[in-house]
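Asker: These are the residues of each chain, in order.
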Amino acid sequence: MTTPPFNPQVPLATDFIADSQQEFLTNFKTISTAFANNHISLESFSNNGNHTFISLLEQAVPRSTESQEIALYTKKVKGQTTQLFMRYPLDGKEFQLNEYQLYRPPHIGNIQAAFFSVLPGGIIVYFGSIFPTGNSFPITLNPAICKNIMGINLCPITPSSSNLATNFQSNVSLRQKKGVYDAVILNTQPLGTGPSNPPPQYYLIFGNIL
Amino acid sequence: MSYSPNIPNIGDFCAISQKQMLANFQAINEAWLIDHVPLTSNNNVGRHNALTFIYQTVDPVPTSSQSVLYTKLDANLIPQLFFMPSNPLTPIQLTNSNLNTAQTGAGGGDQVSFLAGPFTIYMGFVLNCPAVKPMILLPSTNLIYVGLSMIASNNNGLGNQNSRTPVAINILGNTFDIVRNANLPADTIVYYTAIGL
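Residue numbers (numbering that gives the first Met the number 0), protein chains in the order written: chain A, 0 to 209; chain B, 0 to 196.
Calculated from the structure, these hints are not laboratory results. Virtual Cβ for every residue (Gly too), placed ideally from N, Cα, C. One should not assume that every hint holds.
To be verified - What follows is a set of in silico ranges between Cβ atoms, one per label pair, in the way DEER data are often shown: (1) B/130 to A/61: 38 to 48 Å; (2) B/65 to A/25: 52 to 62 Å; (3) A/83 to B/8: 23 to 33 Å; (4) A/27 to B/43: 53 to 63 Å; (5) B/30 to A/75: 36 to 46 Å; (6) A/156 to B/66: 32 to 42 Å; (7) A/137 to B/130: 24 to 34 Å.
What the hints assert, rightly or not - A few chain B residues that face chain A, going by a derived Cβ cut-off under 8 Å, partial list only: (8) 2; (9) 45; (10) 75; (11) 78; (12) 82; (13) 127.
Turn these sequences into a full structure, and let the hints steer you where they fit.
Answerer: Structural data, given as structure tokens:
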């Protein structure tokens, strides 16, 4: 809907009411229409002034902040879409609060239940469960947008009667393609009292996004 | 520029009301410029460019159909983002200042981010981890979880080493010790994940 632009310079001292009536009408209508975006409407009988939700127009540069202020805004991120940013007072540290849109990539049959999420600052967290059918078995990292892996945690899934939990020995290597990691490989269990093949296990993997 | 919400009065002359109404329209226009697309714009009028929060000294109390996003000083007197649901009326701190995701060193270990709560989450690795490796995680918090895993360097598996997953001992404040089997190769990498509060 097109709303006439607001005119902050009315009425003039020499205006008659009849001259200014249309300008008043336009201004009041513009204020009402503008306020209806993201807010309970001015014409409502309750909750006037409250926000219903927040639409943020994409910003080209970081927002400036004063000493007692925090700013929330959106900016376009290369390789992604518009994302939410926050900045601390006095033009302090700016960081990206969210990263990506898909948090549950397709599972791989009954072999891998895969999920991912993100932490502020550009960290991707892959997690889920894997049920290897042999040695050198990949935990697929999807989406493959991780350029650095700095955390891997594995926990065996085992019946309580099994001795697997106490003898579990993690033995992994990393697979990299075109500069990004696309898998963590579960290798043969080291010799000893542990099982020789990689057992079913939960995984939690941290990496830096491209 | 001040705003007069109660003008014009019924007996006012137009000459008086003109100044008051002009001042009001200008005040509205000026206030709206903060965080919003200008009222004088032809597009997107009413939408926000950004949200700037002045920190609150007390938690707001929303009604049953409302929730509130606001900022408040944390224990270090730095404003942080909070969310207050209507039920329960317990504020949730969404951010903290413990954020460092710049890659350091050759591999890019030792990074810090946060989880709502507010929790600080540390992740990183130790190259060529010795049999006992004292760890100090910064910024300092009280660790409530530490998890370790290991691989060999050069993307090679540990092979047939009679290994054990390393363990964390002496967890105290922001410190702990990594202990691993001394028979492992010297180039063993230990990954750590820790959560502090």
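Asker: Of the numbered hints stated earlier in the document, which are not met by this structure?
Answerer: 2, 3, 4, 5, 8, 10, 12 and 13
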